[in-house]
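Protein chains in written order, with our numbering: chain A, 36 to 151; chain B, 7 to 119.
Everything labelled a hint here was simulated from the structure, so no lab data went into it.
From the three backbone atoms N, C-alpha and C, an ideal C-beta is built for every residue, glycine too.
Wrong hints could be hidden among the right ones.
[To be verified] Listed below are the simulated BS3-like cross-link pairs for lysine-lysine, each with C-alpha atoms no more than 27 Å apart in a straight line: (1) A:Lys-72 <-> B:Lys-9; (2) B:Lys-63 <-> A:Lys-72; (3) A:Lys-40 <-> B:Lys-24.
[Said to hold, decoys possible] Cβ pair distances, simulated, as ranges: (4) A:His-111 <-> B:Arg-15: 39 to 47 Å; (5) A:Ser-47 <-> B:Arg-50: 25 to 33 Å; (6) B:Glu-23 <-> A:Pro-114: 46 to 54 Å; (7) B:Leu-119 <-> A:Ser-130: 38 to 46 Å; (8) A:Thr-148 <-> B:Arg-50: 39 to 47 Å.
Single-letter residue listing:
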Amino acid sequence: DQQVKQNSPSLSVQEGRISILNCDYTNSMFDYFLWYKKYPAEGPTFLISISSIKDKNEDGRFTVFLNKSAKHLSLHIVPSQPGDSAVYFCAASPSDQETSGSRLTFGEGTQLTVNP
Amino acid sequence: DVKVTQSSRYLVKRTGEKVFLECVQDMDHENMFWYRQDPGLGLRLIYFSYDVKMKEKGDIPEGYSVSREKKERFSLILESASTNQTSMYLCASSQAGVLNEQFFGPGTRLTVL
Numbered sequence: 036d037q038q039v040k041q042n043s044p045s046l047s048v049q050e051g052r053i054s055i056l057n058c059d060y061t062n063s064m065f066d067y068f069l070w071y072k073k074y075p076a077e078g079p080t081f082l083i084s085i086s087s088i089k090d091k092n093e094d095g096r097f098t099v100f101l102n103k104s105a106k107h108l109s110l111h112i113v114p115s116q117p118g119d120s121a122v123y124f125c126a127a128s129p130s131d132q133e134t135s136g137s138r139l140t141f142g143e144g145t146q147l148t149v150n151p
Numbered sequence: 007d008v009k010v011t012q013s014s015r016y017l018v019k020r021t022g023e024k025v026f027l028e029c030v031q032d033m034d035h036e037n038m039f040w041y042r043q044d045p046g047l048g049l050r051l052i053y054f055s056y057d058v059k060m061k062e063k064g065d066i067p068e069g070y071s072v073s074r075e076k077k078e079r080f081s082l083i084l085e086s087a088s089t090n091q092t093s094m095y096l097c098a099s100s101q102a103g104v105l106n107e108q109f110f111g112p113g114t115r116l117t118v119l
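Excised from the complex, chain A in its bound form (with noise of 0.2 Å):
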């Protein structure tokens, strides 16, 4: 039972266009979301968050939106440079500790590939 899934394993795009990853989610507890970036031989990296009240949180480069009535959200960057070469994991946690212990549930992940 895949709460977390992220349908398309790679993404391919050119330099300075923009890179758009897709997440969908089942669990209807779920109101916090993050995205992780990893490299090979490297522990994931968190990237950006975003809770439920929000529809989109941007920093820098990145931006994610999240659309509760589909249950999915995206990040997006632009413009999309060669070191965003990398594997994304969407990931995602109810707010409620007493029901989650701070775990989260993550995605298959998509390899993202900027061509220079």
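Could you slot chain B onto chain A? The hints should help.
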């Protein structure tokens, strides 16, 4: 600079061996986590701990156990390694509270022959 370290980057073991994977964090974090990463499956939570000597099962605890005797150290134990436990194992830590990011170690690539 925050740091999560894992005892080995690469490990090769034989079927039936007992395997210990060690994780240490220097951030005084209350929460620690063990995940495995497999292609097409993402990161799946094996066990986590929110305090010393406390542990909770994650989504895939079968075949694994954990130990947390000190706040900074969280060990994952494979009592009798099997080939289907060949995977990348990732340790993470976070402060208490839900809306806190998890910090990950570099991972241990375990191969069970």
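Evaluation of the provided hints:
no.: 1; hint: A:Lys-72 <-> B:Lys-9; verdict: holds (17 Å)
no.: 2; hint: B:Lys-63 <-> A:Lys-72; verdict: holds (25 Å)
no.: 3; hint: A:Lys-40 <-> B:Lys-24; verdict: violated (34 Å)
no.: 4; hint: A:His-111 <-> B:Arg-15: 39 to 47 Å; verdict: violated (33 Å)
no.: 5; hint: A:Ser-47 <-> B:Arg-50: 25 to 33 Å; verdict: holds (26 Å)
no.: 6; hint: B:Glu-23 <-> A:Pro-114: 46 to 54 Å; verdict: holds (49 Å)
no.: 7; hint: B:Leu-119 <-> A:Ser-130: 38 to 46 Å; verdict: holds (43 Å)
no.: 8; hint: A:Thr-148 <-> B:Arg-50: 39 to 47 Å; verdict: violated (24 Å)
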